[in-house]
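Chains as they are written, first to last, in my numbering: chain A, 1 to 255; chain B, 1 to 308; chain C, 1 to 301.
Simulated from the structure, these hints should not be mistaken for laboratory data.
Honestly, I wouldn't trust all of these hints.
Unchecked claim - Each pair of labels, with its calculated beta carbon distance range:
id : chain 1 : residue 1 : chain 2 : residue 2 : range
1  : B       : L291      : A       : Q206      : 55 to 65 Å
2  : B       : G77       : C       : E256      : 48 to 58 Å
3  : C       : H292      : B       : L199      : 41 to 51 Å
4  : C       : D166      : B       : I220      : 34 to 44 Å
5  : C       : G3        : B       : G91       : 27 to 37 Å
6  : B       : P99       : C       : D166      : 37 to 47 Å
7  : A       : N17       : B       : L291      : 28 to 38 Å
8  : C       : G3        : B       : L199      : 12 to 22 Å
9  : B       : G113      : A       : G252      : 42 to 52 Å
10 : C       : D166      : B       : G113      : 18 to 28 Å
11 : B       : I220      : A       : N17       : 31 to 41 Å
12 : B       : N127      : A       : G141      : 52 to 62 Å
13 : C       : F76       : B       : I46       : 24 to 34 Å
To be verified - Dumping the calculated DSS-like pairs for lysine-lysine here, alpha-carbon to alpha-carbon at most 27 Å:
id : chain 1 : residue 1 : chain 2 : residue 2
14 : C       : K192      : A       : K118
15 : B       : K120      : C       : K9
16 : A       : K92       : A       : K142
17 : C       : K12       : A       : K98
18 : C       : K192      : B       : K203
19 : B       : K21       : A       : K118
20 : C       : K199      : B       : K120
21 : C       : K9        : A       : K114
22 : C       : K199      : A       : K142
23 : C       : K9        : A       : K98
24 : A       : K76       : B       : K28
25 : B       : K28       : C       : K9
26 : C       : K192      : A       : K92
27 : C       : K9        : B       : K203
28 : B       : K28       : A       : K114
29 : B       : K28       : C       : K12
30 : C       : K192      : B       : K21
31 : A       : K98       : A       : K76
32 : A       : K76       : B       : K21
33 : A       : K92       : C       : K199
Claimed, not checked - Some, not all, of what chain C presents toward chain B, calculated at C-beta under 7 Å:
id : residue
34 : I25
35 : L278
36 : I279
All C-beta atoms in this analysis are idealised placements derived from N, C-alpha and C, irrespective of residue type, glycine included.
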Amino acid sequence: MNDSKLVTINYSLYYGNFQALKDINIKIPENKVTALIGPSGCGKSTFLRSFNRMNDLIPGVRTEGSVLLDGEDLFKMDPVALRQNVGMVFQKPNPFPKSIFDNIAYGPRVTGLKDRHKLEEIVERSLRSAALWDEVKDSLGKSGLELSGGQQQRLCIARALAVEPTVILMDEPAASLDPIATLRIEDLIHKLSENYTIVIVTHNMQQAGRVSDYTAFFYTDETRAGQLVEFDETKTIFTNPSDQRTEDYITGRFG
Amino acid sequence: MIGERSSEITLAHTAKTRNLKTEHRVQKFWFSLMWLFGLITVLILILVIGYVLVQGGKAVNWELLTTPPKGGLSGEGGISTTIATTFYLVGLTLLIATPLGVSAAVYLIEYAGEQSLSSKFLRTMINIANFAVETLAGIPSIIFGLFGYVLFVSTLKFGFSLLSASLAGACLVLPTIIRTTEEALLAVPDDYRRGSLALGATKWQTLSRIVLPAAMPGIITGIILSVGRVISETAVFYVTLGGSYRLPTSIMDSGRTLALHLYYLAMDTRAFDKAMGTGAVLVVMIFLINLVINLISRKLTAGVRKVR
Amino acid sequence: MSGRMIVDKAVKVVLFASAIISILIVLAIGFFIFRESLDAWAKIGISEMLFKSVWRPGQDQYGILAMIVGSVSVTFGAILMGVPLALGCAIFLAEIAPAGVQSIVRPAVQLLAGIPSVVYGLFGLVILVPMIRKLNVPGNSGFGLLASSIVLAVMILPTIASIAEDAIRAVPENYRQGSLALGATKWQTITKVVLPAGKSGIIAAIILGIGRALGETMAMIMVIGNSVIMPKPLTANPLTFFLSQARTLTGNIAVEINYATGLHANALFATGVVLFALIMIINASARWIITHDQRSSEKAR
């Protein structure tokens, strides 16, 4: 784990007086898939949203400790610039009510790109990377909302890729999809990990086992503050966890 | 608290050129403009209300409120009869509009979805009724005035009278009462209805004992809104109520509401100070009405939160 | 059948009758106003009424073109001033203002909507008209399109602002999040995602504001001057158009109906028919925009 892309040091997060995350230290490796697992309410989604500072949008949120991207403190960066570098895919596919083309061109356009040829190039490349090109190449003018759920989610992934991030955060990206669409997304995640650092929140143990290289297990104690219990290679976590709570969770004894 | 502060750190590994500083400046400009627009709106309100209250306040005293107008070219006398007429008209209008409006809303919400309502005729009627309510809501008040003038004043020979004016006024506020009652009924949870029906109550028993009481704050809001509407309305009553400044002694008598009196003072006698005084009384009334509505709706939302 | 069952049935019939009343009122309004206008259309002629601008009831000349132009001009002026302010206010309330500020501005908007139109008219009469009269332009009386447009702009502001705010709030939160997560600024998110997504509701708000403006009566009578003349620039400067006096369709009806008889009264009802038709077209288009948009977004789901 020498090439750490994202690092947190004694990171805590509060909603007003309520502590949601407590003293989290983690080193997320570059160009690997890291899964965040744990029971509901353990703060893993909140933790994920720390990496692109989407928590800033919630009034009353306060943080302690630091989060580093490539060794730089996230909270000293311009959040707008940060989010260009750290893309995000949400639990529910959320394409804009615009054409497929305009959905993907949205990110490049907000950064000031106007050249139509360049945009076309980016749209095609992003759709190919998201394994959606063949299905939609003849209907780029169609509304993104007319696609199926699985296609919509791949559109959102393509949309995130178009901004050329180095990190992609995924918040239960397959939670609202059927099994076949889920498998396609998982394949895609696997392929993308060659070039991107991917952090994925999932409730689905099998999914964590299938797609991730590393797994972090989150748990809440009696104070209800989320903590990192264990972080290791996925196969270690699933076969030989060092913490009893991790083992109980993996084997389905609670959660 | 994390601030959305901008910084000059650019990401080394992104080859993208983006002038974030300019974008943040653009955003700051537009946000300031929107703040300004919000501020202007509040300032307009303060300007209009403040001016009317301060200038009009000088003319308002106990004597103005308690003596009747004496007519004449400079608007001598007070406004007591016009206050009374306003209350008469509000009462009469709502006496007509409230039962009709609430009943219509109850039918449109509680019966329109019934299984037994498979009759095509009824379905069509309900669709047309919904459309009619929407149409009524959009008709400008002078058209209600014209209608009241031709039907009640001339054809039915009620003349310029409280009766003609309140009938026309009822048409004007009917959509308001129907819509607010509909919203109030829709907000009553279906479990209440099922619970009562399951105990063997008839539909009407369920409605009168469970659903309507639960919807009451919303219905009252609609009625108070209509009170405000009648107090502020001028055009309808200008052509149906006549302009007598005497106190009406029967519903067939002509009269003047406060708003009408203001108009006559300003336009016919050019008694601007008295007109302002009347305006101040009107503004205070509207302010109180808004206050009551806000109190009810705050209570309503607080109740909803408790249920959740 | 038990007693309470009979009551149940009877109540249902009574409620149904009430629900039908609105239909009857709409039909009656249409019927009576149209019936009273028939003589005017027949004796004066449709083109004579709609396309002539001379209104001299004493000489049986009833052209309402000047009033149509008056109504449209004052509405145009009000839209020009009121719409940017109202939309800015709506965006401010829905997207920008902190909760504390919202709780001041929103009741202010609500209160603006409740102030009687004669109070606005009086304010215009006492403040705006004397101010505008100070502009040194020959023929400028202070009364006219400028004063009435300003008054009307303030009157339609709350209508447009509150409907547009609702439309903006109805845009799903995940569109905003999606845009911000792609590195858009908040302002880019508002202009490129939120406003386009709420477009149909915003347009409907503006159209309903136009309807409200065309229908306003008493405040217009108080500040527009009411001369039946075709509004035109007072000098070579085209901007002085707005200093011209005018009369609106609504004002024409209200000012004259109480003493009009015979053909004159018929002509006023014909004025009402024109106004009614204009408003119906405007409201129908607002409804069409909203339902059309709902249908297309439902199809997408």
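Unmet hints by their number, sorted upward, for this structure
2, 4, 6, 12, 17, 18, 20, 21, 23, 25, 29, 31, 35
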